[in-house]
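*Asks:* Sequence:
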Amino acid sequence: TKESRAPNALLVSALAGRQADWDRIQLMAEMIRDPEYSLREFYDDCIASFPELSLFFVGAPNRAPKKQDSLRRLASGTFGSQEVRRWGSAIGAQASSGLSGEVEYQRTIGALFAVYWVLRLDIDGMEGFCNGVDGIWQQIPLRPSPHGKSFASMTTEEKREHFAEAMDWTLFKDLVARAGCSPENLGCTERIEAILCLSAFHDIMKLPALQPVVQLEHAPYNGYEAGVRIHDHDVALSYVLESFPDMLPSYAGLPSREKRRVLFTQSKMQFNHGWFVQAEAPPGGMLSKFKAVLEEGADQEDVGLYFLHWITDLAGAEGTPLGGAEKLVTKFPQAVLASFLWSMTYLSRLVGMSETALVEQYLEARWHVLLPDVPVPSDASAIALMRLALMAQAEDPHVVLLAFESLSSSDKACLRTELA
Numbered sequence: 001t002k003e004s005r006a007p008n009a010l011l012v013s014a015l016a017g018r019q020a021d022w023d024r025i026q027l028m029a030e031m032i033r034d035p036e037y038s039l040r041e042f043y044d045d046c047i048a049s050f051p052e053l054s055l056f057f058v059g060a061p062n063r064a065p066k067k068q069d070s071l072r073r074l075a076s077g078t079f080g081s082q083e084v085r086r087w088g089s090a091i092g093a094q095a096s097s098g099l100s101g102e103v104e105y106q107r108t109i110g111a112l113f114a115v116y117w118v119l120r121l122d123i124d125g126m127e128g129f130c131n132g133v134d135g136i137w138q139q140i141p142l143r144p145s146p147h148g149k150s151f152a153s154m155t156t157e158e159k160r161e162h163f164a165e166a167m168d169w170t171l172f173k174d175l176v177a178r179a180g181c182s183p184e185n186l187g188c189t190e191r192i193e194a195i196l197c198l199s200a201f202h203d204i205m206k207l208p209a210l211q212p213v214v215q216l217e218h219a220p221y222n223g224y225e226a227g228v229r230i231h232d233h234d235v236a237l238s239y240v241l242e243s244f245p246d247m248l249p250s251y252a253g254l255p256s257r258e259k260r261r262v263l264f265t266q267s268k269m270q271f272n273h274g275w276f277v278q279a280e281a282p283p284g285g286m287l288s289k290f291k292a293v294l295e296e297g298a299d300q301e302d303v304g305l306y307f308l309h310w311i312t313d314l315a316g317a318e319g320t321p322l323g324g325a326e327k328l329v330t331k332f333p334q335a336v337l338a339s340f341l342w343s344m345t346y347l348s349r350l351v352g353m354s355e356t357a358l359v360e361q362y363l364e365a366r367w368h369v370l371l372p373d374v375p376v377p378s379d380a381s382a383i384a385l386m387r388l389a390l391m392a393q394a395e396d397p398h399v400v401l402l403a404f405e406s407l408s409s410s411d412k413a414c415l416r417t418e419l420a
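Quick note on UniProt numbering: the sequence shown kicks off at 1 and runs consecutively.
Worth double-checking, as some hints may not be accurate.
Stated by the list, open to error - Taking lysine-lysine and the DSS-like style, the derived pairs with C-alpha atoms no more than 27 Å apart in a straight line are:
| # | residue 1 | residue 2 |
| --- | --- | --- |
| 1 | K291 | K331 |
| 2 | K149 | K331 |
| 3 | K259 | K173 |
| 4 | K173 | K412 |
As the list claims (entries may be wrong) - For each label pair, taking beta carbons as the anchor points, the in silico distance ranges come out as:
| # | residue 1 | residue 2 | range |
| --- | --- | --- | --- |
| 5 | L370 | S406 | 15 to 21 Å |
| 6 | A16 | S288 | 29 to 35 Å |
| 7 | S38 | W275 | 37 to 43 Å |
| 8 | Q138 | R416 | 57 to 63 Å |
| 9 | G135 | A166 | 24 to 30 Å |
| 10 | D246 | D379 | 42 to 48 Å |
To be clear, the hints were calculated from the coordinates, so they are not data collected in a lab.
Ideal placement from N, C-alpha and C gives every residue a C-beta, glycine not left out.
Construct the complete structure from the given sequences, taking the supplied hints into account.
*Replies:* Laid out in C-alpha cells, this is it:
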C-alpha cells in the first residue's frame with residue numbers, strides 16, 4: 001500500500017487528514033498588495049492555511065500549551081534574538097541546524113513575513129522589512145539615517161535607519177519581477193502562491209524525526225541508498241516532493257507548472273554565491289552544475305524564484321519575525337547585500353548564455369560600477385584585472401590597478417595565467 005512504502009511514518013501520521021486551505025491561499029496571494037491587508041491578517045491566514053507549520057512541534061509530545069504560548073508571544077512581539085534561542089532551545093524537537101523546532105518555526109514565520117514585505121515595498125513593506133512592527137502589530141515609522149558613522153559603530157536601531165535610506169530598493173523590486181511575482185507578470189498570483197507554500201514547508205526537514213528514508217524503488221537518490229535516512233534537509237525535501245508529491249498538502253494542490261518551479265528551488269547546484277560575487281573562481285568551477293540543472297528545462301522565472309526564496313529565507317533567519325528582516329538589515333553590511341542582489345540580475349541570464357560569456361559580462365558590468373572613470377581593459381591582463389578589482393572588496397580598486405602595474409613582468413604573467 002502507499003502508506004507501507006511511505007518514507008517517514010511520523011510525517012504521514014502528522015499530516016493525516018490535513019488539507020491546505022487553497023481558497024485562503026489564493027486570497028492571500030491576491031490580497032498581499034492590498035494596503036488594507038495587514039501583517040496580522042496575513043499571519044492568521046498563514047496559520048490557517050498551511051498545515052505543515054504544525055510539523056515543527058511533532059517531536060514535542062504534550063507541548064501544546066507551549067506551542068500556544070509561542071503563538072501568543074509572537075503576536076505580542078516579545079521575542080528578541082537572544083531570547084528566542086534561549087527559550088526555543090528548551091522546547092520542541094531538535095533540528096539538524098542545532099536549533100529547536102520552535103526556533104525553526106519562528107524562522108519560517110520570519111521568511112513568510114519577508115515575502116509579505118518584499119511584495120509590498122511601495123506600500124508599507126520597506127518600513128516593515130527594516131523595523132518590523134510593535135507589540136500590537138502597528139507599523140514602526142522610519143527615522144532619519146545617522147551620518148558619518150561606520151556600520152560597526154551603529155546601534156541596531158541606527159542600522160535599521162541606515163538600511164532604509166542607503167539600500168537600492170529597486171534591486172528587490174527587480175528580483176520580484178524576475179521571479180514572476182510583480183503585478184505586471186502574467187500568472188503572478190499562482191507564482192505568489194508557490195513562494196508562500198515553499199516558504200511554509202521549506203525547513204521542515206531540518207527536524208530529523210521527519211527526514212525520509214529512501215525507498216528501494218527510488219534508490220539510489222542523490223547518493224543515498226535504499227533504507228538510508230536523508231540528512232541533508234534540502235535533498236530530503238526534494239525527495240519527498242519528487243517521489244511523494246501528494247504528501248505535503250501545500251505542495252499537492254499547486255498547479256503542475258508551479259510544482260516544477262518549487263522543485264527547481266531544491267536542486268543541488270553546488271553554487272557558491274560568494275564566489276560569483278567576488279569572482280573567486282573560473283566560470284566552469286562556479287557555474288557548470290548550475291548550468292546543467294538549467295538545461296533540464298528551467299527558465300528565467302525559475303531562477304528568479306530560486307533567488308527570491310533564497311533572500312527571503314535568509315531575511316527570516318534570526319527567528320524574530322516581528323523584528324523585521326533582522327538578518328539582512330542589522331547583520332549584513334548593506335554593500336555586501338547589494339552586491340548579492342545586483343549579481344542575481346546576471347545569474348538569471350545563464351539560461352541562455354554560456355558560463356564564460358556570463359562571467360565576462362558580469363565582470364565588465366562590475367568594472368563600470370567600481371571604476372567608472374577607467375575604460376574596461378581589453379588586453380591579455382583584462383580578466384585578471386577585473387577579477388582582482390572585485391576580490392579587493394573594501395580596497396579602493398584604483399589602488400589595486402596601481403599595485404598590478406607595479407609588478408614585474410613575470411608576476412603579471414603568473415596572475416594572468418592563474419586568473420584567466
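*Asks:* Take the hints in turn and mark each one as holding or not.
*Replies:* These are the hints, each one checked on the structure:
{"no.": "1", "hint": "K291 - K331", "verdict": "violated, 31 Å"}
{"no.": "2", "hint": "K149 - K331", "verdict": "holds, 16 Å"}
{"no.": "3", "hint": "K259 - K173", "verdict": "holds, 24 Å"}
{"no.": "4", "hint": "K173 - K412", "verdict": "violated, 41 Å"}
{"no.": "5", "hint": "L370 - S406: 15 to 21 Å", "verdict": "holds, 19 Å"}
{"no.": "6", "hint": "A16 - S288: 29 to 35 Å", "verdict": "violated, 43 Å"}
{"no.": "7", "hint": "S38 - W275: 37 to 43 Å", "verdict": "holds, 41 Å"}
{"no.": "8", "hint": "Q138 - R416: 57 to 63 Å", "verdict": "holds, 58 Å"}
{"no.": "9", "hint": "G135 - A166: 24 to 30 Å", "verdict": "holds, 28 Å"}
{"no.": "10", "hint": "D246 - D379: 42 to 48 Å", "verdict": "violated, 59 Å"}
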